[in-house]
Amino acid sequence: MEYALEIKNLRKKYGNEKLVLNNLDLSVPGGTIFGLIGPNGAGKSTIIGILTGLLSLDEGEVTIGDLPLNNKNELKIKKKIASVLQPPLLFENFTSYEFLTYVCEMYGITDEQLNDRINSLLTYFEIEEFSYVKATQLSSGSRKKLAFCAAVLTEPEILFLDEPFESVDVISIGRMKSLLRRMRNKGCTIFITSHILEVVENLCDDIAILYEGKILAYLDAKTRSELEKDVTLSEIFERYVKVHDVGEDLLNWL
Amino acid sequence: MLSRLLYLNWKFFLARLSRFQSLVIAGYTIFLLIMLFNLMGTALVVIFLDSTPQYEIDLPWLTPEIHQLILITFANVFWILHFAFTSTRLLNIDENRKLLAYGYPSGRLSFHLNLMSMYHPVNVIYNLTWIVFLSVQISSGLNILWILLAVLINYGIIYSIKHRFLQLMEKRFKVIVFSILFIIFGTIQAFAIISRQTQAWLGDLSLQLAEIINFMYYLPGGLLFWSATVETDPIHTAIFLAIAIPAALFIFRDHYRKTLEGLLNPAVKKVEKDVSKLLAFLKKWLGPNAGKFYYYVMIHPYNRLQLLAIILIPIVYIPLLLHLEYGLISAILIPTMLAAVPVALLAICMANMFGYENRELLLHMQFPVSFEKQLKERFLGIIAIPLLIFYGITIFEITRLPEIGPVFDIYIANTFFFLCFMVVFLWSSFYQFQKASYKSFSFKHPIIPQKVTFTISFAIIILGYTIFVPLGDLQSYRLWVMIFLIGAICTYLWKNFEVLVTLYQKKILGRLWNML
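So the sequence lines, in the order shown, correspond to chains D and R.
Okay, so the first sequence: first residue is 1 according to the working numbering, each after it adds one.
Okay, so the second sequence: first residue is 1 according to the working numbering, each after it adds one.
Bound conformation, chain D alone:
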């Protein structure tokens, strides 16, 4: 099997705090939609930060595509990937159109079809009326959609999405999912982290559960099909992640 992404013994900590990622191993097959779920503070955003070159790793090996993540391959890897972080990164004083054009220029995309592509994406997500409005004036949902458009425009081989559906309306979530499936079918690997388990369950081919900096379970399509039909991802999640039984008695006063 060809992996789009391989992580071995990854360790990361911030300053003198405890390890955020603790000897993490993970392999994501190419051309799949992969979902990483875990409670708050599990290390999901840190993984995306490392994979997108924003954070350094303390120990371990990371391979993206067929390239080891290091200074030498940095630019080659960056050409292959795109990301949407949480909160999304936009150029606050640029209009939506200026922002998307700028991003494409930085990726060297300057073909004649660019304007049409930008317009079609803005129309698809129903934010074309904000084409000439500065990002700072957009609602949080529109900001997320604009960041998503920028990531998609660069036609990445691997797309990293950190909580992509947060603050986005139901109709746009549906469109985003449809677009992601289309990209997956064209060979793009999509790496998603999300708290919304229903969306992950419905959209992702493979799912991993991250807890305290380690992968506790990896559920590929085969494993998931073998599970009992009426078991939800939420129940599987609770099986693996220690849910402390604090007891309802605590709230008897309510």
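A couple of the hints might just be wrong.
Some chain R residues well away from chain D (every beta-carbon gap over 10 Å; in silico) [what the hints assert, rightly or not]:
#1 92
#2 121
#3 161
#4 252
#5 305
#6 341
#7 457
#8 469
#9 489
Stretch by stretch, here's where chain R covers chain D in the computed footprint (C-beta under 8 Å, at least three residues) [what the hints assert, rightly or not]:
#10 42-55
#11 102-112
Since the hints were made in silico from the structure, they are not lab data.
Quick reminder that beta carbons are idealized off the backbone N, C-alpha and C, glycines included.
Starting from the known structure of chain D, fit chain R onto it as the hints suggest.
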């Protein structure tokens, strides 16, 4: 409930008060106290002037009219200070609004906020100073009532005017800024004309003193002064109270309503379409990274104001200094002021190089273009325009102001001046990074941290004096020292250009990652 509100606001106050700002507030209080005691001293001199013949011998010019002029001028200047430093932002509406979600009744919150604002240290300092200053000069016991009400109404009016002024400022920013600068320019030129014909003007002034004092009585500070000195009786006092008390109630009702309105209607930014071609122009000529950075610098409202000031100061002062007989002061001030123009432009761009974009820089790091290349482009773009101005000014000095010194000396001195500040700004960008605020009237400096502004101001004066003061025979030694230092700075920067990236990763990146 009020005690919780007070506690919360005390926490806000402490949370945003750095050690440096505490010092500034302490220094400012001491300054006001010193001013108050000086003033009381002057007031006592004035009061006892008539009864002490010694004063008439020692200070023959200190006639009762001149005394009155000093006091009433002080009252008006103090009123301007009061107006400038009392801020509606002291209400901290954005933070306190959150209390509405926790069941704080809106009307009561508005009332309590206004009450708290009145007892804010800044307002207490001013109002107390007014009461003490005016109380020293009362004509009779009844004037106390006049003073108390006048100070209360004055405080209320300042708040109301300021609230409306800020609203107007947002809508008519350019017109107001140009008008203010025009007035300042006109006033300075008027003073220049007067100063050149001092004798004639002073002669006229002495004749018109009574009229000037009379006019100043009608200015806000003068009216307050009048409330203390007016000779009154119970009937007039009763009439005054009958008018002033409803007026005060009316003003404070206005505060209450405006605060309530502000609490319930947070400012919503109007969605406006933007079709500026400036960005495309800058990107074309400076490159995508430097072009974007300059665009951010140029659209920042505070920078436009600073830019106007930078242009205006030399335009006003240099012709004035040239009119004076060329001496030591001119020899230092003119070149310092001219050398400071490109340095000030450099400060706007470089002293907080990452503060305009903040988290956006993470996106730059994800682009498939070397981040070092992007930072270098930005750095070179930043110094390009100030350098052009630097050369323009140097050529101007060489051709139009030959009295400043030999061509080579001017060039070396200006280069040294520019390079020294470039190093200071680089240090500031990495070690004094702060998110640039769009507030222009808050006590916190919107772009460059206060300590950097202070450092720059002092350094300009000290370095200007060191470089430009005529040294006679020792001049050549100073020239060689400067040449050596220029060489050292250039060599260091050239050999350590990657310092831009390493310092960014060490000092800035972590903060951006955690910034929301």
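Is the nearest Cβ of chain D still more than 10 Å from the Cβ of residue 161/R?
holds, 30 Å
For residue 252/R, which was marked as not at the interface, is the minimum beta-carbon distance to chain D over 10 Å?
Given that every Cβ of chain D is farther than 10 Å from that of residue 252/R, nearest at about 36 Å, it holds.
Over 10 Å to the closest beta carbon of chain D is the bar; see if residue 469/R clears it.
Residue 469/R is indeed farther than 10 Å from all Cβ atoms of chain D, at 44 Å.
Status of the stated non-contact between residue 457/R and chain D (beta carbon gap over 10 Å):
It holds; residue 457/R is separated from chain D by about 29 Å at its closest Cβ, greater than 10 Å.
Report holds or violated for chain R covering the region 102-112 of chain D, Cβ cut-off 8 Å, minimum 3 residues.
holds (count 6)
With d taken as the least Cβ-Cβ distance between residue 489/R and chain D, does d exceed 10 Å?
Given a closest Cβ separation of 29 Å, the condition holds.
8 Å C-beta test of the region 42-55 of chain D against chain R, three or more residues:
Check passed, 5 qualifying residues.
Interface exclusion of residue 341/R relative to chain D, criterion Cβ beyond 10 Å:
holds, 26 Å
No chain D beta carbon within 10 Å of residue 121/R's
holds, 34 Å
Confirm or reject the statement that residue 92/R sits farther than 10 Å, beta carbon to beta carbon, from all of chain D.
holds, 22 Å
Is the Cβ of residue 305/R farther than 10 Å from every Cβ of chain D?
Correct as stated: the minimum Cβ-Cβ distance to chain D is 18 Å, above 10 Å.
Taken one by one, the earlier hints all hold for this structure without exception.
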